[in-house]
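*Asks:* So the protein lines, in turn, are chains F and H.
Heads up: the first sequence at position 60 corresponds to 60 in the numbering used here, and the numbers run straight through without jumps.
Heads up: the second sequence at position 102 corresponds to 102 in the numbering used here, and the numbers run straight through without jumps.
Treat the hints with caution; some may be incorrect.
Computed cross-link-like contacts, DSS-like style, restricted to lysine-lysine with a CA-CA straight-line distance of at most 30 Å [what the hints assert, rightly or not]:
| hint | chain 1 | residue 1 | chain 2 | residue 2 |
| --- | --- | --- | --- | --- |
| 1 | H | K48 | H | K103 |
| 2 | H | K103 | F | K11 |
| 3 | H | K29 | F | K97 |
Derived by calculation from the structure, the hints in this document are not laboratory data.
Computed from a predicted model, the values in this text were never measured in an experiment.
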Amino acid sequence: MRVKSILSEGKEIQLATELVKLGARLQVLEASTKLSRERLVKLYKEVRGVSPPKGMLPYSEDWFMGWQSNMHASLFINIYNYLIQYTNIRDIDAVIKSYQLYLEHIEVNHLQRILSFTRAWTLVRFVESKVLSVTPCVKCNGHFLVHSLDIQSNHVCGLCHVPSRAGKTKQAALEAKAREQCECAA
Amino acid sequence: METSQILDEIREVNLGYLLLAQHMLREDKVAAMYRLGINEDVADILDKLTTSQLMKMAGSNMLLCRFRFDDSLIAEILTSHKQDRALTQSHAAILMAGLPAEKIS
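One chain only, chain F, in its complex shape:
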């Protein structure tokens, strides 16, 4: 569909640029703007300098159940729900704003960026279609993401009950080793 008004087209381009900068995939751009696919591809190349990645979007809702990914995704959805409940920002703007606030948290705490923008966008769609939902943890009362169809009467979140191997990734091991070497050298 062609966009007639130049002003609204300008706004759409601005929105698309912002999305590309945050790391959105082409499918997200197509769903949230009315710009044609060719223009979006061109825009993507201009902003990022490379062609948009091809293939399907990550579509698994099970990904959000992993310990680390659940922590990050739960934080994002809590921010998103707060914004939806108390401010008048909606739809894609709300996703962008909550993702920016999430990124801020990551940066302040020197965490890895586990949740990509595309995943965050997918997450909101999963929650809207009631595939995933949030449930309070019986220990800390924080709201955490769960499968809507699971039994949640006694849900204890991954942060109150940290699994023994949680966070012990290859990356973390490498970083610890590097730190040790630094200390030895100093």
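Given the structure of chain F, go ahead and fit chain H onto it with the hints provided.
*Replies:* What follows is chain H alone, placed relative to chain F:
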């Protein structure tokens, strides 16, 4: 500390808080509402305060900003020496974002 000194410091904190809140709200209202934990009505009031009103408000003998944590959250933050600091920070952020915003009834 003498009472007059305490009052002076309260006034300073109040003034700093109000000015910062107003600045944040004018820069980016949505993000500020999330960070301050306030709803639209409170945000509008803060945003519309004139300088003289702001000074009058700050000159109270009570603090204008309130402690935002509930018990479980304090426990969470206090036990942070046991675990990874980033982890407890994330936990605290999840709990805090889930709390209701301050509102005017």
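*Asks:* Hint by hint, note whether the structure agrees.
*Replies:* Hints, verified against the model:
Between the alpha carbons of K48 (chain H) and K103 (chain H) the distance comes to roughly 16 Å, so the proposed pair stays at or under 30 Å and holds. Between the alpha carbons of K103 (chain H) and K11 (chain F) the distance comes to roughly 33 Å, so the proposed pair goes past 30 Å and is violated. The straight-line distance between the Cα atoms of K29 (chain H) and K97 (chain F) is roughly 11 Å, inside the 30 Å bound, and the hint therefore holds.
The structure does not agree with numbered hint 2 stated previously, though it agrees with all others.
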